[in-house]
Amino acid sequence: MPSIKLLKGNHAAAYACKSARVGMVAAYPITPQSPVVEKISEFVEAGELPGTEFVKVESEQSAIAAVIAASATGSRVFTASSANGLAYMHELLPWAAGTRLPVVLCIASRALAAPWSVWTDHADVFATRDCGWITMFAENNQEIYDTVLTAYRVAEDPNVYLPAFCAYDGYILSHTLMPVQVEDIEKVDQFLPPLKHHINLTDFEHVKGVGPVTLPDPPDRGEYGYAPGYFEFRFSMQRSLEHSLSVIKQAHKEFSEIFGRSYGNGVYKTYKMEDAEVAIFAVMSVAAESRLAVDFLREKGIKVGLVSLKVFRPFPSEDLREIFKDISNVVVFDREIGYGWEGVLSYELKAALYKSSTQPDIKGYIVGLGGRDITYQQIAKGVQTALTMESVNENPIQTDFIGLQLDKLQFLKREGGY
Amino acid sequence: MITEIKVSGRGGLGAVTGAEILANAAFLSKNFKDVSSFPTFGTERRGAPVHAFTRLSTDQTIWTRQQIYNPDILVVIDETILTEDLIKSIKPNGTFVLNTDKCAQEIVDLYNISDDITVVVSNVTHECYKYNLIVGGVPMVNTPSIALLAKVVDKLDLKYIEQAIEEQLGKSKAELNLKVAEIAFENADMRKGKSKGGKD
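Sequence order for the protein chains is A and B. 23 is the number that my numbering gives to position 23 of the first sequence; each next residue is one higher, with no gaps. 59 is the number that my numbering gives to position 59 of the second sequence; each next residue is one higher, with no gaps.
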């Protein structure tokens, strides 16, 4: 029987690893991620994960190196991190993608230092953007459990073979208790069959190594034909990532058939978009809180809906063009900044809708950096303000923020400020 | 309906665990559609004021992720952290649960609490010392204080709070907690709010 347990987000991720029968786990503690792997180590110690090797390492860089190596031997692997720990893994993130290893990594999101902060924002997640990983988000603890399972399913698809992130807000989900349905392992096996890896480093007869030096042009190897150059490797990575969008949708469809839960089309979720004229675009904790803003604004007669992005990489531009085609205004709330430009979701959406036949006005706000609480009232106010603006599509180098408390800070009042 | 509860105490007294026990009790009762519980993150230090939050929903999924600024029920497990602002933060017709050596009316007079607020008090610290519910020199006031919620939360019987305490602490450790919880519950004093709030 599947059981509903009251779990913190980190433990929901750990239970998903247990359900997925992960073969190897390595991680280094960092707040607020640590309880994920603490729980997994408890499972291992209690003998509840007989097939799992738990490897202790001395840093995040070693953790990701260890799971990459283990993945290259054909094992299903897991790691997790946050903020500066994730940044310390960065060098090896493109190694996992370039070697086409289906590594799954949970991010309990947290603001990047400096200044030091242990609280949530999404800067650490978006800083991994161009490493070639699939990036998925969760809005609640059940979705964390479900997304980790889906991440393995997609990452291990022979048409994909790419690593995947499952990101969720540090503390706001990682340390919050919510009911989570933990599925029977037989049912999970049905959705997630054993990994059939394309590579096995321990097969010395055939596999001589991974990540060789590749040349600018394909070298002629005589009777073995041409070997790909770096360019061709990277081309195939991009094509696989693009193609993974349909794999994700198919996996999600099967997930909902087997488990009876669904998250939109697996790529984005909607709330009250059926007759919406205005849309909020957000992810993770911001999207969850926005659901209340939608209800609040609808009571005031504004036809608002929410599009909560579930998959950020690959970016589902065609889906977004379709969902926003009859929308006059999109208001984007980013819990990070693409510094020197604007919120990442905001400019990515603008790029996706460029030359779309019915282009909505898109207004972006920055909210909740470093764990500053976000209320639905603030989100609602942001939407209302955006609707009073004449046109917001002229490139705004000056970003707008909601929830700042500058009035409390005397030093900002001096000439030139900041 | 979503009931928003804030549990306040000092680091080491178990406010965070208390809030989690409360969520689990509601979950175990099967009378609630959704529950959530979380602390004010990252600031827990022994002796410093600590706040933790629990939401109990009878009919809808809980999507809000914000902290609780105006609780329906405020539970204060250490009277020394009480401030006027904290008491004023309680919603109209809300409930105030306090671990204190004073009776409900004394608290009402002392803190000038308005008519609409239901006040529940019990001398939990005293009972902890009396029955030796002490860990590392600290009275474990959280579990008996949380038990008082059964007096004021609809559809939340004491037996579910006791069951949740047992799940949290294990059967043998829970025994003394449950005994003190029941005594604190029996000895509680209540001043009912005028318009509504509180249950018979």
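Read the hints as simulated data drawn from the structure, not as lab findings. Note that the Cβ used here is the ideal one computed from N, Cα and C, for glycine as well. Among the hints, a few may not be true.
Said to hold, decoys possible - The calculated label-pair distances, taken between Cβ atoms and stated as ranges, are: (1) A/A351 x B/R46: 27 to 33 Å; (2) B/K88 x A/T388: 31 to 37 Å; (3) A/Q190 x B/T58: 54 to 60 Å; (4) B/S114 x A/D295: 26 to 32 Å; (5) A/Q190 x B/R46: 46 to 52 Å; (6) A/G51 x B/K171: 27 to 33 Å; (7) B/K88 x A/K355: 50 to 56 Å; (8) B/P92 x A/A352: 42 to 48 Å; (9) A/E186 x B/D115: 47 to 53 Å.
Claimed, not checked - Part of the chain A face toward chain B, derived, beta carbon under 8 Å: (10) P179; (11) Q181; (12) V182; (13) D184; (14) P228; (15) S285; (16) E299.
Against the structure, the hints:
no. : hint                        : result
1   : A/A351 x B/R46: 27 to 33 Å  : violated, 50 Å
2   : B/K88 x A/T388: 31 to 37 Å  : holds, 34 Å
3   : A/Q190 x B/T58: 54 to 60 Å  : violated, 34 Å
4   : B/S114 x A/D295: 26 to 32 Å : holds, 30 Å
5   : A/Q190 x B/R46: 46 to 52 Å  : holds, 48 Å
6   : A/G51 x B/K171: 27 to 33 Å  : holds, 32 Å
7   : B/K88 x A/K355: 50 to 56 Å  : holds, 54 Å
8   : B/P92 x A/A352: 42 to 48 Å  : holds, 46 Å
9   : A/E186 x B/D115: 47 to 53 Å : violated, 59 Å
10  : P179                        : holds, 6 Å
11  : Q181                        : violated, 13 Å
12  : V182                        : violated, 14 Å
13  : D184                        : violated, 20 Å
14  : P228                        : violated, 46 Å
15  : S285                        : holds, 5 Å
16  : E299                        : violated, 15 Å
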